[in-house]
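Undergrad: Residue numbers (this note's numbering), protein chains in the order written: chain E, 387 to 829; chain D, 34 to 358.
Where hints are given, some of them may not hold.
Said to hold, decoys possible - List time: in silico DSSO-like cross-link candidates among lysine-lysine, alpha-carbon distance up to 27 Å:
(1) D/Lys168 to E/Lys588
(2) E/Lys551 to D/Lys168
(3) D/Lys125 to E/Lys551
(4) E/Lys815 to E/Lys761
(5) D/Lys331 to E/Lys734
Unchecked claim - Partial pick of chain D residues on the chain E-facing surface, computed with a CB cut under 8 Å:
(6) Asp173
(7) Phe201
(8) Ala204
(9) Gln205
(10) Asn211
(11) His217
(12) Ser222
(13) Pro229
(14) Lys233
Stated by the list, open to error - Pair ranges (Cβ atoms, derived):
(15) E/Glu602 to D/Gly75: 25 to 31 Å
(16) D/Asn230 to E/Arg777: 20 to 26 Å
(17) E/Phe486 to D/Lys274: 46 to 52 Å
(18) D/Asn230 to E/Arg420: 36 to 42 Å
(19) E/Gln506 to D/Lys340: 36 to 42 Å
(20) D/Asp291 to E/Phe486: 47 to 53 Å
(21) D/Asp40 to E/Ser662: 48 to 54 Å
(22) E/Asn521 to D/Val48: 44 to 50 Å
(23) E/Glu595 to D/Met53: 42 to 48 Å
(24) D/Lys196 to E/Ser485: 35 to 41 Å
(25) D/Asn230 to E/Ile391: 31 to 37 Å
(26) D/Lys340 to E/Tyr517: 37 to 43 Å
(27) D/Arg78 to E/Arg777: 50 to 56 Å
Treat the hints as calculated values from the structure; they're not laboratory data.
Every residue, glycine too, gets a C-beta built ideally from N, C-alpha and C.
Residues per chain are reported as follows:
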Amino acid sequence: MSIEIPDWYVLKDPGEISVDVDNWNRFADTRLQRFIDEDLWSISKPSWMDDDEWYLTKVEEMGGHLLLRLAVSKDPRLTSWLVEVEGDLFEFRFVSSPSFDQKIKVLEELYEKENVKTIQEIDKLFKINIYKHFNLADVPFKSSRYSKSKFGSLVKDLDRRIAVKFHKIPSVVSAKKVLLFNGWGIVRLADIRLAVKREFEKQLKIIIEKSKDLVEANKSLDNTVKPIRDKITEIARKTKLSSDLSTLGIGEGEEIFSKPELFPPCILELLGILRSKGHLSHVENWQLGTFLKKAGMTIEDQQRFWYNNSVDNVGMSFDEFVRRVGYQIKHIYGEVGGGIDYSPPSCKTCINGYFCYWAHKKLEDISEDIKTLMKDRDQKVVDRAIEDISRLIINQRFQEACGRYFRLLTGWQIRRVLHMLSYTTKAYKRFYTKKDQKKDKEK
Amino acid sequence: MNEKLTDEILAKYYVEKFPMDYFMSFVGLSNFQNREFGFVVGDNRFVRNISFSNTDKLKDFMVQNSVQHAYVGAVYDKPPSRENPIQRIKWKAREFIYDIDIDEYDLVRTCGCHGDVYCKDCWSLVQEAASFIDKTMKEDFGFKEVIWFFSGRRGVHGWVMDKITHDFDQAQRVAILNYLTFIHDEKRSQSIEEIPNEAKPLRNRIYALVAKAYLDRATPESLKELGISTRKANEIVARIKTFENFDHNDYNILIPNDTIIRRKLSSEFILQRYPRIDRKVTMDTRRVSRMPYSIHGKTGQIAIVIKDIDNFYPDSAPTVWDTMM
């Protein structure tokens with residue numbers, strides 16, 4: 387029996403559904419509300435439901451989704467938000483789907499059929515028993531880790547393995563969480579679920595971008611989706627729609643430097659080097675520049691900042707400096723070059739090629755830095771933290787060392803830091819949001 | 034270099050000896066006119082954003098311009114030129130290439146060589162790296178053919194010939210590189226990543242090739258420094274050379290089953306003998322790479338195909354003067 391693509395897979399061809407604008411607006415409204423309420427809901431036909439009623443449920447699902455797509459298509463920020471929330475919903479439905487075959491079907495849709503195989507198919511193709519040949523039984527499954535994840539006990543089949551062509555799952559290959567055999571990545575569903583979610587989000591984004599032309603060419607369609615778009619825009623004003631830190635209100639221009647506790651150690655160190663030596667390497671310039679952009683600095687703020695701190699401009703007027711160096715700064719903001727709105731590199735990238743405080747600074751100096759910074763704190767606590775951090779650095783676990791440092795600084799626990807922006811976001815929540823809330827309560 | 038590389042000898046090589054057909058068999062005829070070339074010409078001037086409508090014109094250019102170094106780049110949607118530089122035209126494809134240079138190992142070479150200087154002892158690091166990558170490309174990634182070229186001076190280039198790789202974007206190239214990478218920040222802290230349990234073929238290959246190469250050169254004293262007992266260290270040194278086809282099972286039998294010792298040992302053999310790849314060459318989709326069979330302007334040696342990497346030593350590569358005899 388051939389398995390059909392599940393009805394919750396919103397990227398599938400909707401087939402024949404009649405467009406009913408009034409109802410679709412209502413469906414979109416309901417779907418939007420559920421996203422705002424952070425409701426992750428399943429869609430599968432209950433045994434008691436007749437076919438007509440099920441058809442209506444499917445129309446509601448698809449119609450609401452299609453209208454939201456059209457509504458956000460003209461605004462990249464709204465598009466990012468929809469992609470994010472639809473991505474979360476897709477991930478939930480994927481991991482909690484009770485049918486392994488349906489999961490395979492979804493993977494075939496996302497990655498194309500020829501790039502996905504079951505382990506039995508691989509065994510047959512290469513005349514091998516993958517499980518026996520590589521003794522896969524001795525790779526333990528971290529079930530407790532997944533049951534503690536945000537979907538808890540709802541996850542199904544995550545310890546089962548499938549085969550996907552390696553070039554379709556670069557992030558998994560990159561992390562070496564894969565057994566590669568003749569070009570096939572043998573992976574547990576648990577290890578590719580995030581890659582699958584990213585692929586879904588990527589494809590959804592492309593579809594939304596394509597539908598922008600449709601909305602721009604059709605005035606009446608644009609008017610139809612306007613109420614929903616206005617509603618999403620209103621939500622956008624109230625909530626954080628992306629990881630852009632400027633929306634968190636860290637500060638504007640030089641004001642951001644008045645809150646050094648929000649800066650990850652790599653950025654503080656780069657600022658220190660720049661201020662004392664007057665120059666950084668090219669990649670360090672880029673790392674600092676992209677961070678400052680996300681922290682809230684405008685192009686003009688950064689031009690002034692680099693002019694004031696860089697030794698390369700001795701004897702040069704500000705205008706001349708902007709003419710010479712302005713291009714690189716504008717490039718960070720996507721105003722020249724490829725037009726990309728760059729983000730700072732992730733911690734892994736920093737460790738491998740940019741600057742990571744824990745990976746690239748001498749252990750003795752790190753220890754001294756922490757002692758100086760924490761001289762007013764309980765010495766025993768600081769010594770224990772330095773001991774933990776040293777052990778983590780020696781074992782090359784730099785991101786965890788950063789997490790331990792964050793705990794020492796804030797009292798909040800992070801196992802490991804993945805990105806300098808997430809460090810700042812969390813520090814902001816710790817030092818500002820909570821206090822603000824407390825102050826509000828006191829008032 | 035035994036003689037001066039004159040304009041005449043350069044031109045003569047490209048007129049009479051440069052195997053254009055053989056070179057074309059590596060880069061392919063389709064889209065030739067949209068492929069970028071780069072050259073170091075005359076007085077050490079580097080020029081790129083150059084394309085040719087046919088191979089005769091490429092040959093004419095190399096003959097007439099005193100080409101010290103010749104490079105081949107990516108394919109674009111239009112012929113690259115000064116008016117249409119590669120930044121302004123759309124990238125289409127590029128070969129998937131590895132570059133291994135002996136000077137990448139400067140921090141761990143113990144023979145006394147440094148920079149461009151090499152000896153048979155340290156050159157074995159390049160040979161081992163090429164063999165390791167070759168096997169990994171074929172067995173793990175399923176590629177059919179990897180051709181190794183001499184770079185003309187201090188290293189080798191591996192070209193993965195499977196067409197599918199030409200379309201790989203930067204993320205896909207970096208993913209393969211990261212899969213192969215265990216030494217991070219190679220020129221500074223040299224952090225070593227732990228060998229993962231899930232990537233079993235890679236792990237088994239590391240034991241079979243990298244650990245074996247390290248243990249072949251180990252002394253009882255060096256093993257004792259890692260915490261291995263005197264008796265076991267002597268046994269390892271005595272037995273390692275007796276294995277004909279050392280594999281991961283032999284490794285597991287030979288090495289004490291002690292987590293800390295194993296971790297220390299694997300960090301050490303990865304640090305000392307694991308491949309060190311010039312990442313930029315592999316991941317940068319717009320980079321130009323030395324043209325197979327071109328002359329290296331500093332040594333006069335030809336970037337020939339290496340038929341047997343295990344027995345190739347740079348001195349055996351012909352120079353432009355050898356080809357003229």
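Undergrad: All the hints need checking, so say for each whether the structure fits it.
TA: Structure-based check of each hint:
For the suggested pair D/Lys168 and E/Lys588, the alpha carbons sit about 33 Å apart, so the restraint of at most 27 Å is broken. Restraint check for E/Lys551 and D/Lys168: the C-alpha separation of about 18 Å stays at or below 27 Å, so the hint holds. Straight-line distance between C-alpha atoms of D/Lys125 and E/Lys551 comes to about 22 Å, which keeps the hinted pair within the 27 Å bound. Straight-line distance between C-alpha atoms of E/Lys815 and E/Lys761 comes to about 24 Å, which keeps the hinted pair within the 27 Å bound.
Taking the CA atoms of D/Lys331 and E/Lys734, the gap is near 37 Å; set against the 27 Å cutoff, the hint is violated. Given hint, D/Asp173 at the interface with chain E, holds; its Cβ is 4 Å from that chain's nearest Cβ, closer than 8 Å. Contact between D/Phe201 and chain E, as hinted, is supported at the beta carbon level, the nearest pair being about 7 Å apart and thus within 8 Å. Hint status for D/Ala204 relative to chain E: holds, with the closest Cβ pair at about 5 Å, below 8 Å.
Among the interface hints, the one on D/Gln205 holds; its C-beta lies about 5 Å from the nearest C-beta in chain E, closer than the 8 Å criterion. Taking 8 Å as the C-beta contact cut-off toward chain E, the hint placing D/Asn211 at the interface holds, the least distance being around 4 Å. At about 5 Å, the closest approach between the beta carbon of D/His217 and any beta carbon in chain E falls short of 8 Å, and the interface hint on this residue holds. Against a cut-off of 8 Å between C-beta atoms, the interface hint on D/Ser222 holds, since the closest Cβ of chain E lies about 6 Å away.
Nearest Cβ of chain E to the Cβ of D/Pro229: about 4 Å, under the 8 Å cut. The hint holds. Interface hint at D/Lys233: satisfied, since its Cβ lies 5 Å from the closest Cβ of chain E, which is below the 8 Å cut-off. For the pair E/Glu602 and D/Gly75, the supplied restraint of 25 to 31 Å is violated, since their beta-carbon distance comes to about 53 Å. Range check, D/Asn230 to E/Arg777: about 22 Å between beta-carbon atoms, so the 20 to 26 Å window is met.
Hint check: E/Phe486 to D/Lys274, Cβ distance near 49 Å, so the stated range 46 to 52 Å holds. As the Cβ distance of D/Asn230 to E/Arg420 is approximately 40 Å, the hint placing it in 36 to 42 Å holds. Range check, E/Gln506 to D/Lys340: Cβ separation about 40 Å, and the 36 to 42 Å hint holds. For D/Asp291 and E/Phe486, the Cβ-Cβ distance of about 40 Å falls outside the hinted range of 47 to 53 Å, so the restraint is violated.
Between D/Asp40 and E/Ser662 the CB atoms are about 50 Å apart, so this pair conforms to the stated range of 48 to 54 Å. Restraint check, E/Asn521 to D/Val48: a C-beta distance of roughly 59 Å breaks the suggested window 44 to 50 Å. In this structure the supplied range 42 to 48 Å holds for E/Glu595 paired with D/Met53, their Cβ-Cβ distance being about 44 Å. At about 36 Å, the CB distance of D/Lys196 to E/Ser485 agrees with the hint of 35 to 41 Å.
For the pair D/Asn230 and E/Ile391, the supplied restraint of 31 to 37 Å holds, since their beta-carbon distance comes to about 34 Å. Our hint of 37 to 43 Å for D/Lys340 and E/Tyr517 holds, since their Cβ atoms are close to 38 Å apart. Distance hint for D/Arg78 and E/Arg777: a CB-CB separation of about 53 Å, consistent with the stated range 50 to 56 Å.
Hint violations for this structure: numbers 1, 5, 15, 20, 22, all remaining hints satisfied.
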